[in-house]
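*Asks:* Sequence:
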Amino acid sequence: MQVFKSTVIERLYPNSASDNILFSNNEYCYIKSLKTQAPPLKWKAHDGLVLCSDWCLVSEHIVTGGEDCKFKLWDRYGRSLFISISCDFPISSVAWSPDGQCFAVGSQNILRLCDKAGWPHSLEKLTSGSLLSLCWFDDSTQLVAGSGTGQVIHAQIVGRTLLHLLAPSKAEANP
Numbered sequence: 001m002q003v004f005k006s007t008v009i010e011r012l013y014p015n016s017a018s019d020n021i022l023f024s025n026n027e028y029c030y031i032k033s034l035k036t037q038a039p040p041l042k043w044k045a046h047d048g049l050v051l052c053s054d055w056c057l058v059s060e061h062i063v064t065g066g067e068d069c070k071f072k073l074w075d076r077y078g079r080s081l082f083i084s085i086s087c088d089f090p091i092s093s094v095a096w097s098p099d100g101q102c103f104a105v106g107s108q109n110i111l112r113l114c115d116k117a118g119w120p121h122s123l124e125k126l127t128s129g130s131l132l133s134l135c136w137f138d139d140s141t142q143l144v145a146g147s148g149t150g151q152v153i154h155a156q157i158v159g160r161t162l163l164h165l166l167a168p169s170k171a172e173a174n175p
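In the UniProt record's numbering, the protein residues as written are 1 to 175.
For the record, the hints were derived by calculation from the structure and aren't laboratory data. All values derive from a computational prediction rather than experimental measurement. Glycine included, C-beta positions come from ideal geometry on N, C-alpha and C. Hints should not be assumed to be uniformly reliable.
Derived pair list, reagent style EDC-like, types lysine to aspartate or glutamate, alpha-carbon separation capped at 20 Å [what the hints assert, rightly or not]:
id : residue 1 : residue 2
1  : K42       : D19
2  : K44       : E27
3  : K32       : D19
4  : K32       : E60
Now the in silico label distances, taken between C-beta atoms and shown as ranges [to be verified]:
id : residue 1 : residue 2 : range
5  : H121      : P39       : 34 to 40 Å
6  : A38       : L132      : 32 to 38 Å
7  : G100      : L132      : 36 to 42 Å
8  : G100      : V144      : 14 to 20 Å
Given these sequences and hints, build the entire structure.
*Replies:* Structure below.
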């Protein structure tokens with residue numbers, strides 16, 4: 001694999017179906033085969049750093065979020081499928097639902113639910129700061145988000161279009 005000098009690989013996602021990995025570096029995304037010595041597929045994903053990415057194992061579509069305040073949807077060859085309008089703040093987290101029907105997008109005080117084509121269906125305004133981590137329940141009906149202020153947000157998907165937020169809680173470290 002090509003060595004990247006003086007840079008850090010931020011994200012690494014294996015795709016078990018095809019033995020490929022997705023990773024980002026600066027404004028580029030790469031897909032590297034673990035089976036061949038071929039150079040990785042590379043494309044410019046954002047105007048600025050790629051801050052987050054996730055690869056849907058069902059559709060093999062990739063969602064990325066960037067410092068340019070946009071989230072984008074790609075196919076497994078790096079071809080653009082959807083580009084969001086510019087949001088107010090950088091996109092700090094993205095995550096596909098396990099069933100591949102939708103994905104969540106986190107930003108500063110925003111949690112958004114989008115369908116598999118990229119179109120936003122729900123926007124929840126929060127007071128929790130940047131959402132830095134998103135994790136779906138296995139049945140794709142609930143989502144947990146962690147924020148930069150230490151809050152944990154629990155959301156339920158109702159009718160595939162509405163996020164019902166349950167009371168956020170403050171994460172506390174065990175002494």
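*Asks:* All hints are to be evaluated individually against the structure, with a verdict given for each.
*Replies:* For each hint, the structure was consulted:
no.	hint	verdict
1	K42 with D19	holds, 17 Å
2	K44 with E27	holds, 6 Å
3	K32 with D19	holds, 9 Å
4	K32 with E60	holds, 14 Å
5	H121 with P39: 34 to 40 Å	holds, 38 Å
6	A38 with L132: 32 to 38 Å	holds, 34 Å
7	G100 with L132: 36 to 42 Å	violated, 23 Å
8	G100 with V144: 14 to 20 Å	holds, 19 Å
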